[in-house]
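**Q** What follows is the residue order along each chain.
Protein chains: 2
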Amino acid sequence: MKTQLKEDRVLAGKEAVAELYKTGYFGRPRDGGLELSLVEAAYLQSRGKIDIELEGKLLDFREFFEQASLRQQNFELKYIVYKDLKERGYYVQPSAADFRVYPRGSHPGKSAAKIFVHVLSERQLLSVKLLQESVESAENVHKQFILAVVDEESDLTFYEVKSASPKGEMSEPFPAVKTNATFLEDRVIAWDAEASGTLYARGFYGKMLDSERLQLSLVESLYLFSRGIIIVRDRKGKAFSFDEFVEKASRIEGSFLRKFSAYKALRDSGHVAKTGFKFGTHFRVYRKVESIEKLPHSEYLVNVIPGDHEFRLPVMSGAVRLANSVRKRMIFAVEKGEEVEYLDISRVKM
Amino acid sequence: MKTQLKEDRVLAGKEAVAELYKTGYFGRPRDGGLELSLVEAAYLQSRGKIDIELEGKLLDFREFFEQASLRQQNFELKYIVYKDLKERGYYVQPSAADFRVYPRGSHPGKSAAKIFVHVLSERQLLSVKLLQESVESAENVHKQFILAVVDEESDLTFYEVKSASPKGEMSEPFPAVKTNATFLEDRVIAWDAEASGTLYARGFYGKMLDSERLQLSLVESLYLFSRGIIIVRDRKGKAFSFDEFVEKASRIEGSFLRKFSAYKALRDSGHVAKTGFKFGTHFRVYRKVESIEKLPHSEYLVNVIPGDHEFRLPVMSGAVRLANSVRKRMIFAVEKGEEVEYLDISRVKM
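Sequence lines, in order, name chains G and D.
The first sequence begins at 681 in the numbering used here and counts up by one.
The second sequence begins at 681 in the numbering used here and counts up by one.
In short, the hints are calculated from the structure, not lab data.
Heads up, some of the hints might be wrong.
[As the list claims (entries may be wrong)] DSBU-like, lysine-lysine: derived pairs with alpha carbons at most 35 Å apart:
id, chain 1, residue 1, chain 2, residue 2
1, G, K968, D, K1008
2, D, K958, G, K928
3, G, K763, D, K1029
4, D, K1029, G, K928
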């Protein structure tokens, strides 16, 4: 079947409506004929279903591919993803978020599309703001949002991105004690054996330095300080105000306040959050801890990112892979004022 | 036993030489008495072995700890590491690289120290240049070099760092073919079915776009181009020179040349290197591939870093953890001119 390459579309005649659209749901009927996107046309050409002419000259696959690559940004990426989805048996339509994908066994006209697929090269930066907007748009119309990332060797990895509101099951965020602590060089120590033991064994805060003294991280310290549980002094005995603590902690760690917002949100929502250093993330998070001797499996790894963050996709990929390899969910806590919003990103098979 | 805090040392009398040095190898004999470092003194005080006075006043543990923290940078970190090593049964001596550690069952005077331990907070940046120098110094005197990283919750993770010269077992780095390829938007496609098949199935290059065409990554393309295996043209048919290719690839990926140096070194030394995107690294590396259908387990993950790189330790921790969780070695290829030097970093239990 002969078709014509015109700008960034391929136009087919009336017979294509019956042969390609009605049987395979390729293209969109227009003015009595059928309009194909460049990826649809390349796919049909590679399967010998259509011939493509440009100004009267027949294009072979290579010629059409080079033309299409010149006429549409990300053409190669889109072709790789489209072809992969077709070969998995999905019906796929071009859309604003690159592709709409129909549920298995369904097709356009039978039911609505279920998935929005957004195509990216591993080299592209992904703005978390745009990602949040895309996920929200998809969730508003009850669609699943999938990122299809094409790596430099043209391998494909699919990520599902969804909003999350994790809830923990801890009944109290901290035990009712009151004790003194010292801000040393970059950590805080509580000295009283009884209060230290209670904070450690009942509140799951810090780490015992020895049988009597408790070492607290900066976020733990500010959280307990802001709730009146500890009084923090410097090494010469002077008590800190909230602002002085924040200022000193921020000098030690530039993103202290952002990290604190996430820590506070996690503790306030009934979780126990501990450092995720061993996993390269800010926190590992437990929904419920009953005994400090028997720490359960932590459910989430949480990375805190600013609202204007741009993901480098290899970094995101590594974080998700690590979380999944230790059977945890990878959650990004996106700063929004003094609160955070959560994005849950996981690798999925299509 | 009474001791005196003087500047950043604690001084004990003659009896300490017999009681602390000769039985436990604490301190260094000086002028008839014993000189203890601050961490040694804090450890001995916490075990009730010594009393510490400052200008005639007896200090309790908290008072001494606050004093020590004011007098020595990283005191808390060093104390955490020292105490941990002592409790594991090691004899430990202060040294230029923080600590020298004696083999199990040995002690100062019996044999030489076996391990140099360098202490870091997770918040400190680690210069790869200094790291390379430290590892070289240690290896020159046949010592193991260990990083002890204290995270914000005072948990300890030990990393062994060593130089590496990985060797692969591939007999030829590429098959002897010659074919045409097109540089599309950000990848290269070879069009000839036979050459494509040979490069893919015998050289383990690229990924088949379909049964005839081969997609190559930018580093693969330049490697094959520089060896005369492929001729690369733009989408309008103009052939690239080596420099034009490098210029275009570098516009697409800022660190292209650095990555190419490592790719070239790995291929030249008999490895097959493929993208490590799914692991968040530049490459995953096979020592030997016999069949593209049955790719074996890849042995290394390789990240390429500039010579003046500064590691953020949580990022390094995540990379090592991920590599270890999929039973691979984590290797950093450090750019040095047009060559690379390798550092192998792994988590170890002490």
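**Q** When you check the alpha-carbon spacing of K763(G) and K1029(D), does it fall within 35 Å?
**A** violated, 47 Å
**Q** Hey, K968(G) versus K1008(D), does the alpha-carbon distance stay inside 35 Å?
**A** holds, 33 Å
**Q** Going straight from one Cα to the other, do K1029(D) and K928(G) come out at no more than 35 Å?
**A** holds, 34 Å
**Q** With a cut-off of 35 Å on the C-alpha distance, tell me whether K958(D) and K928(G) pass.
**A** violated, 38 Å
Against the hints set out earlier in the document, violations occur for numbers 2, 3.
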